[in-house]
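Asker: So the chains spell out like this:
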Amino acid sequence: MTNSNNDYIKYISSLAKLSLDNDEMQSLAKDMENIIGLMDTIKDIDTDNIDATEHISHMTNNMREDIPGTPSDCNKILSNSKHRIDNCFAIPKMID
Amino acid sequence: MDITKLTISNSRKLLDTKQISAVELTNMYLDRIKQLDDQIGSYLSICEDNAILQAQEAQKLIDSGNSSALCGIPLSIKDNICIEGTKTTCASKMLEDFTAPYTATAVDKLIAHNAVILGKTNLDEFAMGGSTENSAFKITKNPFDLDRVPGGSSGGSAASVAASLALGSLGSDTGGSVRQPASFCGVVGMKPTYGLVSRYGLIAFASSFDQIGPIAKTVEDCAIILDSIAGYDSKDGTSLSYKNPSSYSSSVSEDIDIKNLKIGLPKEYLTDGLNSEVRASLYNSIASLEKLGAKIEEFSMPSLKYAIQAYYLMSSAEASSNLSRYDGVKYGYRADKCKNYQDLLGRSRAEGFGKEVKRRILLGTYALASGYYDAYYKKALKLRTLISKGFEDAFTKYDIILHPTAPETAFKLGQNTNDPLTMYLADIYTVAVNIAGLPSISVPSGYDTNGLPIGLSFTGKPLGEHEIFKAAAAFEADFKINLRVPAI
Numbered sequence: 872m873t874n875s876n877n878d879y880i881k882y883i884s885s886l887a888k889l890s891l892d893n894d895e896m897q898s899l900a901k902d903m904e905n906i907i908g909l910m911d912t913i914k915d916i917d918t919d920n921i922d923a924t925e926h927i928s929h930m931t932n933n934m935r936e937d938i939p940g941t942p943s944d945c946n947k948i949l950s951n952s953k954h955r956i957d958n959c960f961a962i963p964k965m966i967d
Numbered sequence: 004m005d006i007t008k009l010t011i012s013n014s015r016k017l018l019d020t021k022q023i024s025a026v027e028l029t030n031m032y033l034d035r036i037k038q039l040d041d042q043i044g045s046y047l048s049i050c051e052d053n054a055i056l057q058a059q060e061a062q063k064l065i066d067s068g069n070s071s072a073l074c075g076i077p078l079s080i081k082d083n084i085c086i087e088g089t090k091t092t093c094a095s096k097m098l099e100d101f102t103a104p105y106t107a108t109a110v111d112k113l114i115a116h117n118a119v120i121l122g123k124t125n126l127d128e129f130a131m132g133g134s135t136e137n138s139a140f141k142i143t144k145n146p147f148d149l150d151r152v153p154g155g156s157s158g159g160s161a162a163s164v165a166a167s168l169a170l171g172s173l174g175s176d177t178g179g180s181v182r183q184p185a186s187f188c189g190v191v192g193m194k195p196t197y198g199l200v201s202r203y204g205l206i207a208f209a210s211s212f213d214q215i216g217p218i219a220k221t222v223e224d225c226a227i228i229l230d231s232i233a234g235y236d237s238k239d240g241t242s243l244s245y246k247n248p249s250s251y252s253s254s255v256s257e258d259i260d261i262k263n264l265k266i267g268l269p270k271e272y273l274t275d276g277l278n279s280e281v282r283a284s285l286y287n288s289i290a291s292l293e294k295l296g297a298k299i300e301e302f303s304m305p306s307l308k309y310a311i312q313a314y315y316l317m318s319s320a321e322a323s324s325n326l327s328r329y330d331g332v333k334y335g336y337r338a339d340k341c342k343n344y345q346d347l348l349g350r351s352r353a354e355g356f357g358k359e360v361k362r363r364i365l366l367g368t369y370a371l372a373s374g375y376y377d378a379y380y381k382k383a384l385k386l387r388t389l390i391s392k393g394f395e396d397a398f399t400k401y402d403i404i405l406h407p408t409a410p411e412t413a414f415k416l417g418q419n420t421n422d423p424l425t426m427y428l429a430d431i432y433t434v435a436v437n438i439a440g441l442p443s444i445s446v447p448s449g450y451d452t453n454g455l456p457i458g459l460s461f462t463g464k465p466l467g468e469h470e471i472f473k474a475a476a477a478f479e480a481d482f483k484i485n486l487r488v489p490a491i
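Those sequence lines, one after another, are chains A and B.
So for the first sequence, the numbering used here puts the first residue at 872; every next one is plus one.
So for the second sequence, the numbering used here puts the first residue at 4; every next one is plus one.
For reference, chain B alone in the conformation it holds in the complex (with noise of 0.2 angstroms):
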């Protein structure tokens, strides 16, 4: 069996016909991360034991006829969200030897779904970065490439995926850390509407734009995540009291139709920035649109020219004051020999957090600092509306906004990480969703003459899960690019 040709979905057909057992693919996802992840570092820790458990209860489920979806499906989860006695770290020396007390409630569904926890994977420190490149603990390497980044900072949980080191994984999308990873690791990544799936759990880092979602190698597979993860939690204050009328999975299981789909194509994303192998390729993806029926336009969207310094001023902000909690006292790293609080409080900080969190944390600060506040974060808020605006007048003409996910291919390791300017300038197609809590989802669309994926990004109205997955699906279906297994 090859495993690098396994999907969730093609899994859910050998399990439930019994030509593997589930404790045999769970076996098969961990001798693979022993023998191949010292080269990615895809992994921070692996949950062995509680894995086979976990597996062995599904195969009794999958033998009585009673599986589900996700039942005896190996998962990875970012090591940002919390799964109850396991290390969660978010990367950081600050949570190194942090054990969470409790489980994430969309990592509580997966096991309520019986999916298969294999273990939590790398990231950028508290989810801030693009590239997998801030983890105080290992570099995550791309697998198409070892020698360049798998973006951020899903990027461990997107390396897993398209190294085959697990089924599917959870990552979480600040300012676009799926999708870019996902991009540029040749898979699937999906951004769902803000409120969607529960935060609680999920370690904050500016928490009016987190999102968890899911990334895994086709665009089925992504929506089966979304189905058990999806839904109101009374235990999250942002969480949307939406009852979604039919499953993710089951819009792109159907015969697809995308004939006379509205979708525009912001003019202020087809600059001199994006590389002409990412341009091409999108025009290459345009064409495939428009043969399945689809119309395309483009159109402008002046407010979007200002979606980085939205988005940096005002998660930087968020950030702050998120990461305010980390004193050194009630869990956490402490530094020694503190002469009294304010020295345990500012060195145990200053020690614990690395370059770019503490990059974020001050530029947080300055922008909400007395003087600055009106100028900065303010300012920022009402760009927020603009940009908000910008969305929804766009979406009385159009069912889905297309454009690229990353303005390049995955870069070479330590190629901007002394240039935090570049690394914040490469989310620039991703931001604007998180701004306007849209969802939106990543799929591969070809590769450049490296040899490195491209994405391209489907993004939809508020609770346009459906339609995004529809048309990411229809895509992906004919555009046939022929997905390639990284060499590893």
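In isolation and in its complexed conformation, chain A is listed as follows (with noise of 0.2 angstroms):
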């Protein structure tokens, strides 16, 4: 990644649903050249024959009893919501 060409901070902004203005877009790639520069280090670690570790506490399917219960209050989850038709979140349209 270099600091003269934005496209690929662009396309990871567009990834990471993000829509920076150019100000934002030019500082946050001069700081990911450095970052990434840092996480450059790494590359060159042998670690063909190391198997990858997912999670520390090597658990799979820590499961509980399926119990049924009483569901959340509706009112209760849309409260934070800040647009709202009865009982739904209310976003713009999807397609034009």
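The set of hints was computed from the structure by calculation and includes no laboratory data.
Being a predicted model, the structure only gives us computed values, none of them experimental.
Positions of the beta carbon are idealized from the N, C-alpha and C atoms, including for glycine.
The reader is advised that the hints may include incorrect statements.
From the structure, some residues in chain B lie toward chain A, with a derived Cβ separation under 8 angstroms [claimed, not checked]: (1) K342; (2) G349; (3) G374; (4) L389; (5) A480; (6) K483.
Take each chain as given, in its own frame, and dock them per the hints.
Answerer: In structure tokens:
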């Protein structure tokens, strides 16, 4: 990633769903260049024969009993949304 | 009564012998917060009415002779931990108006033990940072020097305890966010084994690293808080089914013998980046531990050199995933006048998150992107294996790993705000513990020439809380650094 070419930061910010303005894009591209520079120092470490540790607790499917319960109150769930219509979250149109 | 001299354990005696009531104690703290917190900025919100009600309930139990260790004890809670009906902002514009619909298990347990919750404390936005300067609402200042940072991200919690604005606090530690601010503020901070304390109700930053931990003035006080919050929780799929054989506080309240305790000191933490005064303090601390009979030896763990990179890649990848839930629809900030759903999503996130959060989301997205996944994220997961194995090997020879908590003491406000790399490298001694899911405690071990606190960390085996509490308590009792009270 280079500071002179912000195409990649545009691509990454679009994947991350962050609509950054140009100034912020420039500033974050510079930060990212330095940060990725630090991260690149691990590239040459030989880890071919090392397994990846996805999760430190090595747990799989820590299940609890399937007991029917009372669902959360609908109004409580909706109460933190700025826009609602009846019992639904309201959003602008998806398709033009 | 000098509020700055109070601890949880000595307040217990005062409450149980009726020298003070729970309501009087709570009012003392509420008054002090009103008087002094404008200078420190440790709290984001105060739960005054609830605190008084909780104190009244606690007093009834004390009067009936049914009090327990935390009954009537005023505590503060980091504002990324949910309490039903109260604002839980994560110090972010994104959650400025969010009211938690449920209570975190750790807080539920404190309330069940009749603790008094004074309020919610400031943090770096979504717990990302090492100085509490990334909060969207205010900057918290170090009680020892108001021109300096309190550390982060639990800087509000650590400052509230150091400034005697609470007797103890809950913070969260993803890469050192309990221990580093404890070190900067001259208090004790403890990060338990991953899974020992439920994460239910802790707003996620990096799920495989995040852990709630106590901050208090003494090792015993930290153990008292951990006694009440530890334990299996079916609401958290990563909670450990571990039956603690005895209370943590009992292991520090007996005569502690650390003769022949084998302690390892990693050479990789003794590089030029270690401040000379912190280094001198470390060797003074070693002399104290050796006097108590502990055997201390330097050893090498080469994988520690890559802990910072592995940590920032993995935690940022998890953050980019966890923070994808903030879409402006179900809760949180929503941008105005959006053309369509994509516009709503992109602008709400860009306007709602602060710069450090965006940096981490971008880094995490980059590390997980097609074409980069193997070189960054998968490589970091393999380094996690190496680092965990390094600790496993070390613990075949040593009972405890000793190291400085941070490479330097509290830095000036604004000193590193435009230099994210320097800020990241400040976590160099703490992140490896989170990568391996180990317990670790930071205790005050001296002051530099500016009068700023220095911290020392004891790291243990998985579920080795008893051992590190014992070693830290023995050190605390013997070292006698004459703990200073900040002059505020």
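Asker: Confirm or reject each hint.
Answerer: Taking the hints in turn, this is what the structure says about them:
1. For B:K342, the interface hint holds, since its Cβ comes within 8 angstroms of a Cβ in chain A; the closest pair sits about 7 angstroms apart.
2. Given the 8 angstroms rule on beta carbons, the hint for B:G349 holds: about 3 angstroms separates it from the nearest Cβ of chain A.
3. At about 11 angstroms, the closest approach between the beta carbon of B:G374 and any beta carbon in chain A exceeds 8 angstroms, and the interface hint on this residue is violated.
4. For B:L389, the interface hint holds, the least distance from its beta-carbon to any beta-carbon of chain A being 6 angstroms, beneath 8 angstroms.
5. Given the 8 angstroms rule on beta carbons, the hint for B:A480 is violated: about 32 angstroms separates it from the nearest Cβ of chain A.
6. The closest approach between the C-beta of B:K483 and any C-beta of chain A is roughly 36 angstroms, which is over the 8 angstroms cut-off, so the hint fails.
Checked against the numbered hints given earlier, the structure breaks hints 3, 5 and 6 and satisfies all the rest.
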